[in-house]
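Here are the chains, one letter per residue:
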Amino acid sequence: MMVQTAEELLKLQPVVMKQLQTIFDKKRLGHAYIFEGGKGSGTEAIMHFFVQLMFCEEPRKNVPCETCRNCQRIKSGNHPNFHQIYPDGQFIKVAAIEALLHEMNKTGLEAGRKVYVVHEADRLNPQSANKLLKFLEEPEGIVTAIFITDNINAMLSTIRSRCQHIKFQGISKDTMIKELVAEGITLSMAATVSMVTSDLEEAFSLSKDDEFAQARKTVLKLVEATFTNVHESMLSVHEDWLPLFKEKEQMELALDLLLFAFRDIVAIKANPEAVCTYPDWLSYWKKVALQTTYARLSTQLQAILQARQQLQRNMNRTLMMEQLMLNLQEGKSFV
Amino acid sequence: MKFDIMRDRLLDGLNDVMKAVSSKTTIPILTGIKIDVSEEGMRLTGSDADITIQTYIPVEENGEQLINVEKPGSIVLQAKMFNEIVRKLPTNDVEFEVSEKFQTRIRSGKSDFHLIGLDSTEYPLLPELSEDNQFTVPADLLKSIIRETVFAVSTSESRPVLTGVHWQIKDGELVCVATDSHRLARRKVTLEHLPSEQSSVVVPGKSLTELSKILNDATTPVDIVMTNQQVLFKTNDVLFFSRLLEGNYPDTSRLIPEEYKTDVTVNGRSLLQAIDRASLLAREDRNNVVRFTTMQDDTIEISSNSPEVGKVEEQIQVSSLVGEELKISFSAKYMMDALKAIDGQDVVIQFTGAMRPFIIRSVHDDAILQLILPVRTY
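First to last, the sequence lines map onto chains V and R. Counting from 1, position 10 in the first sequence corresponds to residue 238 in the numbering used here; the numbering is continuous, with no gaps. Counting from 1, position 104 in the second sequence corresponds to residue 282 in the numbering used here; the numbering is continuous, with no gaps.
Hints in this document: simulated from the structure, not taken from any laboratory. In this text, all values refer to a predicted model and were calculated from it rather than measured experimentally. Don't take each hint at face value.
Among the chain R residues that face chain V by a calculated CB cut under 8 Å, a handful are [unchecked claim]:
id : residue
1  : 200
2  : 201
3  : 227
4  : 228
5  : 299
6  : 300
7  : 302
8  : 338
9  : 407
10 : 410
11 : 417
12 : 421
13 : 423
14 : 424
15 : 425
Ideal Cβ placement from N, Cα and C applies to all residues, glycine included.
Using the sequences and the accompanying hints, generate a full structural model.
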């Protein structure tokens, strides 16, 4: 992770930083926060800033000094009252939560506040989340929890309702596309990557990435095939899609790209002037949009989202894709 | 930092400190041992966050020079590695030198190690404990207090505060209570020089078990300091810190009945053996419940009946049996734990009915008191 100074963070997330600094200044630290923000919105960096601020021996103007013993130890991960939990594989497992509770139910090794941070909190499985609930609600001692997530809706509502919600702004899409185009990226590519990530640097490297360009092409080819006929799409799945997207992450990305394509069609159908993920395909979208109904598009979007979930559950990829292709044809005769 | 030290003494100190170091810790610096050298002596610290053990080696002892300090300082060294190195050094004289960037040089005879140390300021700060609130317990008594209470702590984390033993100073007495909400063990000790103000802590059962491992059986005094954050047990050279459990311990004084309907006085050992035998059959059934029945002529019967396994009955002559007749069932395990804690003396068991908790204590006093909840059987 990049070390960012307080000024840089303030520029990145002015609202959030002001909110957190006011909380600290007025000494109104809550017992639990959810930091919600996508990639590149600085959740991690700001969490570190906030934790350091809480522990710092002599903060100046609500900015941690970065040099005192506590600040140093937060940075090196050696502060005994600061605990972090990461997902183990797909989920944050019960064992991790039990270890945390075991730790939190004792007085701190050093006096003062205890802080725990749950990274990718949307990956708490229901058992783990429920295990944490009681402690979250009635913490013993002075405790602050921070949950970091990019999708607050994937968290258990019972956890959400017990936390203060702090929303991080992503970089606006327009700004990002402008920046990318200024760097010499084509408009169509810039529009696509700006959907995938909100981190400018990641966007830049993605748009230069051949693999990503190939993925984009393959996805669009499949979209075209699904609107032609089912045999064509099956063929495309087997010939292009499956050999290209071998890893799970690649598959996730590909399904997201596919979802954006259908989103484009819906957007165009609703408003022919809408901003697309694939502006270069605008004329095709317009053509398809005329031939289909909202109801059908909605089933198709659902089918893709369902496939995305099944991927998380490690469904056989070939079967999953074949099923998806059939589902996308729904309402259309096969012959 | 630069000093020489006798290897034997360093190794003794390391042995104690290593007991606290765990490889499973989440805080990287705790995989190390902290070494502080001052003009007066050397302090070694090891910790797994729950417990912290510190040993002290003075510069001189009994007219013998143990450490030769050239330049004081502090360093943290990887515990496992350091321990192994010291263990295998060729001669009894060890020379340490820490130069820039925590480069540590350990020399002994012809062998010359260079270890990369860690910054000692990263190591957790131990609380400064004042001496005003301290009191003293002989090591052997402390060990028996732990033995008599710690078995009754809860093993389930659903109520974390019950996984500890409640130590309370009240009216010139130290009262230690452990309960898992099915049984309770209480030990009272009257001590001299207890701090006058009332104070209480909940010490994790695991920490006490660890503590009892490093205590010896002699009557050497152990100084105890209780604070809000940690509790400290201090013997000659070893300091044992433990974190405490957060939260309020439930008020257990009202659980103990004040009047009894049936009093039985019996030899603890013979009762223990009878219950052990009865539990042989009861154990098969997963609940391990035995039945206790009062009979005529100062006799009681211990029985157990598991329809699929068989049944056992045994009558025991008791020293006295006063009060109402009674049939009661309870867990054989809890009863055996309680009787073992009281340790073979004649015991008094006092009941207030088949559905009410009963207590077991020695005939002489109620310094050790065990309370068990009966099991309802149909």
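**Request:** Could you check if residue 201 of chain R really has its C-beta closer than 8 Å to a C-beta on chain V?
**Result:** This interface hint is violated because 15 Å lies over the 8 Å limit.
**Message:** Under 8 Å is the threshold here; is the Cβ of residue 423 of chain R close enough to any Cβ of chain V for the hint to stand?
**Reply:** For residue 423 of chain R, the interface hint holds, since the closest Cβ of chain V sits about 6 Å away, which is under 8 Å.
**Prompt:** Is the hint on residue 421 of chain R kept, meaning its closest Cβ partner in chain V is under 8 Å away?
**Reply:** holds (4 Å)
**Prompt:** Once the shortest beta carbon distance from residue 424 of chain R to chain V is found, is it less than 8 Å?
**Reply:** This hint holds: residue 424 of chain R lies near chain V, its Cβ roughly 3 Å from the closest one there, short of 8 Å.
**Prompt:** Against chain V, with CB atoms and a cut of 8 Å, does the hint on residue 299 of chain R hold up?
**Reply:** Result: holds, 6 Å to nearest chain V Cβ.
**Message:** So, as I understand it, the hint says residue 200 of chain R touches chain V; can you test that by seeing if any CB pair is closer than 8 Å?
**Reply:** violated (12 Å)
**Prompt:** Does the CB of residue 425 of chain R sit less than 8 Å away from some CB of chain V?
**Reply:** Status holds, d = 5 Å.
**Asked** Given residue 417 of chain R as an interface hint, is the shortest Cβ-Cβ distance to chain V below 8 Å?
**Response** violated (15 Å)
**Request:** Closer than 8 Å between Cβ atoms is the bar; does residue 228 of chain R clear it against chain V? Give me holds or violated.
**Result:** At about 7 Å, which falls below the 8 Å cut-off, the nearest Cβ of chain V leaves the hint on residue 228 of chain R intact, so it holds.
**Item:** Per-residue hint verdict: residue 407 of chain R, partner chain V, C-beta under 8 Å
**Value:** holds (5 Å)
**Request:** Verify the interface restraint on residue 227 of chain R: the C-beta must sit less than 8 Å from at least one C-beta of chain V.
**Result:** holds (6 Å)
**Prompt:** Is the hint on residue 300 of chain R kept, meaning its closest Cβ partner in chain V is under 8 Å away?
**Reply:** Residue 300 of chain R check passes; min Cβ-Cβ to chain V is 4 Å, inside 8 Å.
In this structure, the earlier hints numbered 1, 2, 10 and 11 are contradicted, and the remaining ones agree with it.
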